[in-house]
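Enquirer: Residue numbers (this note's numbering), protein chains in the order written: chain P, 1 to 151; chain B, 1001 to 1734.
Please note: incorrect hints may appear among the correct ones.
Taking CB as the label site, the calculated pair distances span [to be verified]:
1) B/K1115 x P/G8: 50 to 58 Å
2) P/A128 x B/Q1319: 36 to 44 Å
3) P/S64 x B/E1108: 40 to 48 Å
4) B/K1732 x P/H117: 33 to 41 Å
Chain B residues, not near chain P, derived (Cβ > 12 Å throughout) [said to hold, decoys possible]:
5) R1175
6) L1211
7) Q1329
8) S1458
9) P1508
10) K1587
11) S1667
12) V1688
These are calculated hints, taken from the structure and not from any lab test. For every residue, glycine included, the Cβ atom is placed at its ideal position computed from N, Cα and C.
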Amino acid sequence: MIAFTVNGVRSEVGVHEDTPLLWVLREHLKLTGTKFGCGIASCGACTVHVDGVAIRSCITPIDSIGTSEITTIEAIGATAAGAKIQKAWLDREVVQCGYCQSGQIMSASALLASNPHPTDSDIDGAMAGNICRCGTYVRIREAIKQAAQSN
Amino acid sequence: MISDHINSRAACPDPSPSANGLSRRTFLKAGAAAGGGLMLSLGLPMANGEAQVTAGDGFAPNAFIRIGNDGQIVLTMPYVEMGQGTYTSIPMLIAEELEVDLSRVRLEHAPPNEKFYGNPLLAGVQATGNSNAIRAAWQPLRQAGAVARTMLVSAAAKRWNVDPTSCRAQSGEVRHVPTGRSITYGELAADAARMPVPESVALKRPEDFKLIGTPAKRLDTPAKVNGTAVYGIDVRPPGVKIATLAQSPVFGGRVKRVHDTAAKAVKGVRQIVLLDDAVAVVADHMGAAKKGLAALVIEWDDGPHAKLNTNEVVAELEQATLNSGAVAQNIGDVDAAMARAITKIEATYQVPFLAHATMEPMNCTVHVREDGCEVWVGSQVVARAQAAAAKTAGLPLDKVVVHNHLIGGGFGRRLEVDGVIRAVQIAQHVDGPVKVVWTREEDIQHDMYRPYWFDRLSAGLDDKGMPVAWNHRFAGSSVMARWAPPFFKNGLDPDTTEGAIDLVYALPNLHVEYLRVEPPGIPTAFWRSVGPSHNVFVTESFIDELAAAAKQDPVKYRRALLDENPRAKAVLDLAAEKAGWGQPLPKGVGRGVSVQFVFATYMAQIAEVEVSKDGAVRVRRVVCAVDCGTAVNPDTIRAQIQGAIMFGITASLYGEITLKDGRVEQSNFDTYQILRMNEAPAVEVHIVGSTEPPGGMGEAGTSAIVPAVTNAIFAATGIRLRKLPIDTEQLKSA
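Same shape as in the complex, but just chain B:
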């Protein structure tokens, strides 16, 4: 039961003895990694060289682990669960080194505290995103477990007056091997807390892993099949009222006038809250709030973006790509190589704005009091949620308590705190707690969107048809520049260019440029696989174009460029073999391939796609081969890839947000279509065994499927689609 495993602890900015009954010590130290990013290292022992004694209440050797005198092991969980299985895979790392069953580890959400729980791979922001929880946790959480284990063993050895090397930790006990004596962790906790913290600890060898690499049952599943799991939208503090809202239909617009007589007459409606750019109806229940909202007549001042249409944004991006941008990567001399090329190929590509459309609509519950503020939400960035609430309410950080919850779909949407700010603004006008629930229409029309990108490419082939020059320039929004400004340097950020640079292929002359162009009046944000969701579509489509120009098989063509990249070649070979690449298919059916290395994971996908005479496209089967290094929880890896493929097919076939007169044209699932059961392909996932450090799994499957689908459409029809979502009109048989 999740309710047994996960306690949502009221969040305080700096855990202290008074706040939560135990002290924590700084044990993480961020430093520069060789590759230029941030890494964590096991940090400083306390000044007195001892672990913290926790008020006679067990053993807390670091910020992540607490072992009670009753043997209960609590993991303070810095990452949030939004379906990716992190509530199971991260505890596996601790349990493996601590030598306990996974069922012995209970989770608590980490409070907002970036000093202890900041994500080292996301500039220290306390965030769950970018498919990097397992990468960020891999060393430090195993070390945290190993430190605790070592201290427990030392404590037992001291008690028995024996050599620690003659003792072994297993199944939650320390055993003295020669005599067979054993003591439980709970009995050792108080003693262990007084042992010196080891300067270095040995991590288990992969061949000794008992949990890592086995398909562990997810800890959060039982509560999610019987209706007891509590998401942000389910909270119900005593006396809570429910509000729903209308925000300016044009981004940047304002409320001019509101006629609320009819709304106030709706039974159950208590209050209308007017903000500069939004109106909220506060009621006893959502039924009344929605009815009240429908009865409101709001006049808007649409502001500067009143006439904005998507095609103007696209024209600006297209124009931008005629000028040079920041150089993201340069290899060799593309101009010279292009001049010598036998064949030259040019193309432009474009991908649309996309909404997240998480199944749990945006919501946040807030209680603003004179002297403080309480927030209930499901957030990927709990510390930012706290800071945003404090700033909006004009309160010091330590007066804001945030209760974080299970997330009914993140995909990047809940890396933003606009929903928290909005709820606090409304709650400031309400006496008592108020739950602000966005309608689906508000959720889609006031999302922060995956950026539109426009790409211009050219390539030169030699006399054998192989690429000697690769030129790629693209323009669009940089989400990183807003979200984590330090990552945006010299006109570039690592997310926007991921998948466009460091291609898996050996390309002797390559030049990639990026132009940051922010669309006016359209907020942009991360969206499952962000940069790669765009770049992998473009690069894997274009390499397919080169293979076609060279009249070569798309798999063989790619393979010839992978001699220096054995892991990429291996996943391509495996996917091709399992998919039956080259075997005959019926008319109108084609296979398409993609290969990528993004989020530190190698992946190849082969999609089998059927195109009907009327242009309808059906993805029948997808085969995926993945090398994500150590597969911590293989079943979760399969699940993530299966799901990410559906997410990417939705984007390939349907996903598109457009604006007309400044207004988002899509509003609900009837106009913003999501792939359904009757359209879902069979998916096979093949995992390559590896002892390399783990790579990211949440997003890679989404970026890889999109070009696999469009390349399969090309194989089936000879029609190359360079703009998403696919236009079935183009595929109608003449």
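Chain P extracted, bound-state conformation:
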């Protein structure tokens, strides 16, 4: 059994130690807000936080988590940055199909938590790893700026 903490809750699962965190979250813990997009850390749909840092859960083996705290989209609203980002996403009507947006919000929340007033270039740097096929980039940028203004 491998033990780890997700959204403040301690869990144990019986999987092979190299199983990617993504599948443990989605299929064992039923936290399906975190999405599968590519499996090679190329699209960002699977982004979660490990100790507040945005990582791609599709290439993160479960046994690498150790005592770190995992946060997913289901709990990001409980953080100050996450709540601001979610509100801005709603205010700006960012979402279209929505499939990538959990990952977008996780990347944006990590950015805002570490950099309260990001520049355009900071936003590009933090968000370039998250693909949105619907092309909501214009609004993602606006929403991050709105959330930053409330800082």
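The hints should help you fit chain B onto chain P, whose structure is shown.
Expert: For chain B alone, coordinates are given in the frame of chain P:
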């Protein structure tokens, strides 16, 4: 919350009292429209002239609306949400006529039933596509709302014994104006159900609209920002196993032999399913299934397309355009005009195969039992999904239940049911429900692709440089001929030619021909803006070539050809003004323009593009002016255009599927690149006010941006790119 608003109802083929607790009556009638297409009209009242009483449970005046005795309004939603905002804009039509707040309308997915919910603009197929939901719904759903409102008012007037014209519907109540009395819709529902269905109803005048034309908040957004929205890939019926698969890497190939010892040894792998042309690994979770798949050794018989390369397909298309094809449009006498022309210009263009690459990879969950089959999927064609599952499982239609879900990107991919068929084939070998999830590599390498098209054009200019002859012939796949055969007539279909015919410009002599050439071993399908994604690139690039040959400004040149088309001229003028057309730009930066009328929407775009010395292209800014008739939800229109532009820039700069030895060469986002945040331009959208019927919005922005980008590259560099995606090698400074 979407979960509060949208109930996914188990789908039965013919809603009946036993199936869902209420009866529905035929109220839609398809008929031939003046323009040759199909239209809906408010149909036949019931034989007894009364609306259906719904088992003491409210009022269901037609197939779309149900009003409970508690006042709850339920819209049975025939169109699916895949990001385009239809879950908000269609309810707006009902709410407007019913005089209720949008928040009062709850949605249910329509069950598969083409009799009630077929799309009149797509040959009656129950489909969401072709940017036509709002066009298809505009009359019938407003009428549905108005009929319900009229019957509620009649019921109140009868109860009060007053003249109905002295009563008014507002905010979910009927009010008797002289006395100020009011009754809620819920209290009136049972009485309203017994009122005669009006033969005709008056729709609200545009100046009285309260919702239509206002930027409504989307109903599906909250669940999509907190992780609770449920897509097909998220379903989890009890006991579900997860499968992933490898399909023959060459289309038409078969499995020869499988060595599965190592795969079966992977912890969590339960079963290997062998099909004729695919192998699936069934496991407790996707991690194990993927690991098992990687451990499989599969020998394939590659079949007849083992040596197929894209360049052979292109050569065949090029060759085809040397022969004449079906005449899509002819105006005047092109040959005679060409003979008199002062200047003649010729060019060939080509566009590649493209994958959809929806962010939600293909997936479908199926439980096959002895006596029935249950399917969980996100589909643009729910009735076809049901029929495909029934046929594959060998079951009658009424034994197949389909649960439709939010779609994590459609773009035409989920107008196909290959993923449903595949999942049923696998589920037939599995005890209990199985969720089949394609890897991204499978998703890209076994897509059904936007066709490759090859185009040959020529034009003749008069002594002032204006076009007197326009000749266009192109060859490629007809998706319509396969998907909806009745649309393919005399060698033509309306999708493949859209954007190549009925050009916005006054061209006195025009001749357009199409040759249907199906690529061997490469499945083709609709892809956001399909025909126009190709034709608008070609025609708007070529008109730019004519302007350049005439040494005229591209906007002025187009404008001179738009005197008979005021709506097209207006969007061009607006885009040019807002973009600062003609104002100086730094070296290496150019502006390009495009104008189009496709999906019943007028649009002009101006792209500002920077080309570096190393050939790298960056789209810096895009200005779009749009006249889509009545703008039902203006914020969604802006969002759709912003997104469609990114989709089109991806196609301009990167999009390309190629085959070598029958195998698709691209496999994931590292080799099939999608535009990212750091490459995304600023986008401005300007909507022209209009009370004309609404036009389509989901796709128009994609077709318009592509030539705007290549025309801007020409403005920046003098280099004309006639093949997509753009070749940056050609743009390197010498």
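Enquirer: Each of the hints needs a verdict: does it hold here or not?
Expert: Hints, one by one, checked against the model:
| no. | hint | verdict |
| --- | --- | --- |
| 1 | B/K1115 x P/G8: 50 to 58 Å | holds (51 Å) |
| 2 | P/A128 x B/Q1319: 36 to 44 Å | holds (42 Å) |
| 3 | P/S64 x B/E1108: 40 to 48 Å | holds (44 Å) |
| 4 | B/K1732 x P/H117: 33 to 41 Å | holds (38 Å) |
| 5 | R1175 | holds (33 Å) |
| 6 | L1211 | holds (16 Å) |
| 7 | Q1329 | holds (32 Å) |
| 8 | S1458 | holds (35 Å) |
| 9 | P1508 | holds (39 Å) |
| 10 | K1587 | holds (23 Å) |
| 11 | S1667 | violated (10 Å) |
| 12 | V1688 | holds (20 Å) |
Against the hints set out earlier in the document, a violation occurs for number 11 only.
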